[in-house]
Amino acid sequence: GQQLNQSPQSMFIQEGEDVSMNCTSSSIFNTWLWYKQDPGEGPVLLIALYKAGELTSNGRLTAQFGITRKDSFLNISASIPSDVGIYFCAGRESGGSNYKLTFGKGTLLTVNP
Amino acid sequence: DTGVSQDPRHKITKRGQNVTFRCDPISEHNRLYWYRQTLGQGPEFLTYFQNEAQLEKSRLLSDRFSAERPKGSFSTLEIQRTEQGDSAMYLCASSLSGMNEKLFFGSGTQLSVL
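So the protein sequences, as listed, match chains A and B.
My numbering applies: residue 1 is where the first sequence begins, and numbers increase by one.
My numbering applies: residue 1001 is where the second sequence begins, and numbers increase by one.
No wet-lab data here; the hints were simulated from the structure.
Please note that a few of the clues may not be correct.
Going by beta-carbon spacing under 8 Å, a handful of chain B positions derived as facing chain A [to be verified]:
id, residue
1, 1043
2, 1045
3, 1048
4, 1054
5, 1056
6, 1065
7, 1103
8, 1105
9, 1106
10, 1108
Using 20 Å as the maximum straight-line C-alpha spacing, the simulated EDC-like pairs for lysine to aspartate or glutamate come out as follows [as the list claims (entries may be wrong)]:
id, chain 1, residue 1, chain 2, residue 2
11, A, 70, B, 1101
12, A, 100, B, 1068
13, A, 105, B, 1044
Each residue gets a CB set at the ideal place from its N, CA and C atoms; glycine is no exception.
Could you put together the complete structure from these sequences and hints?
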């Protein structure tokens, strides 16, 4: 099945730093979603993107739907300790089922106070 | 609206036993999904319901797995004759079908098969 390549696998940063992570696919996607997951909990939706080139913010988080429709980016500005967690990208393949999400393997973010 | 609710949160069972998990979706959502997540991986799709109809099952869902959504509201996922390889987090998600569909996940059921 479709695989998403998410990078980096992990990041260790100082509080206050900005963070960037990205996700790429081998095929065209029509939806990108970004989730955050804390240990022992389900993923929580952060940002949803539906159009190529779309740039959407949610507080200190900004995500973009790549213009090639094969990638997406998530940026976190001025990180704080509660940003710690695993961030997942997920997408729906264009021309595929209109409901199934494929997930990346996640980026583990650690913030040093 | 309390979001997607899953029960139990944790289940420990012995190999060979049957287990059943319940999911209560967000009330107005017509779509319900089951995903499975193992350590270090993203969630993987298992099955999907639109209202009470089960419209797709992943190849990951062996014959020992069965899911139901009898009245188009809550859903159950049963695993028969559990194996150690079934140990995982089982996540339920729901959504409202439409152009800009978003999936909302529950907190999951962590299954440990001893």
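Does the closest beta carbon of chain A sit nearer than 8 Å to the beta carbon of residue 1056/B? 7 Å, holds
Holds or violated: is the Cβ of residue 1045/B closer than 8 Å to a Cβ in chain A? This hint holds: residue 1045/B lies near chain A, its Cβ roughly 5 Å from the closest one there, short of 8 Å.
Given hint residue 1103/B near chain A, where the shortest CB pair must fall under 8 Å: Cβ of residue 1103/B sits 6 Å from chain A, so the hint holds.
Using Cβ atoms only, decide whether residue 1065/B comes closer than 8 Å to chain A, and label the hint accordingly. 17 Å, violated
Do the numbers back the hint for residue 1048/B, that is, is its least Cβ distance to chain A under 8 Å? With a minimum Cβ separation of about 6 Å from chain A (threshold 8 Å), the hint on residue 1048/B holds.
So, as I understand it, the hint says residue 1043/B touches chain A; can you test that by seeing if any CB pair is closer than 8 Å? Holds, about 5 Å.
How about residue 1054/B: closest beta carbon in chain A under 8 Å, or not? 13 Å, violated
Interface hint status, residue 1106/B versus chain A (Cβ within 8 Å): 5 Å, holds
Taken at face value, is the distance from the CA of residue 1101/B to the CA of residue 70/A at most 20 Å? With Cα atoms ~19 Å apart, residue 70/A and residue 1101/B stay inside 20 Å; holds.
With the threshold set at 20 Å, check whether the alpha-carbon distance from residue 100/A to residue 1068/B stays at or below it. Distance ~18 Å between residue 100/A and residue 1068/B Cα, so the pair holds.
Hint check: 8 Å Cβ-Cβ cutoff, residue 1108/B to chain A: This interface hint holds because 5 Å falls under the 8 Å limit.
Check the hint pairing residue 105/A with residue 1044/B against an upper bound of 20 Å on the C-alpha distance. At roughly 10 Å apart (the allowed maximum being 20 Å), residue 1044/B and residue 105/A satisfy the hint.
Checked against the numbered hints given earlier, the structure breaks hints 4 and 6 and satisfies all the rest.
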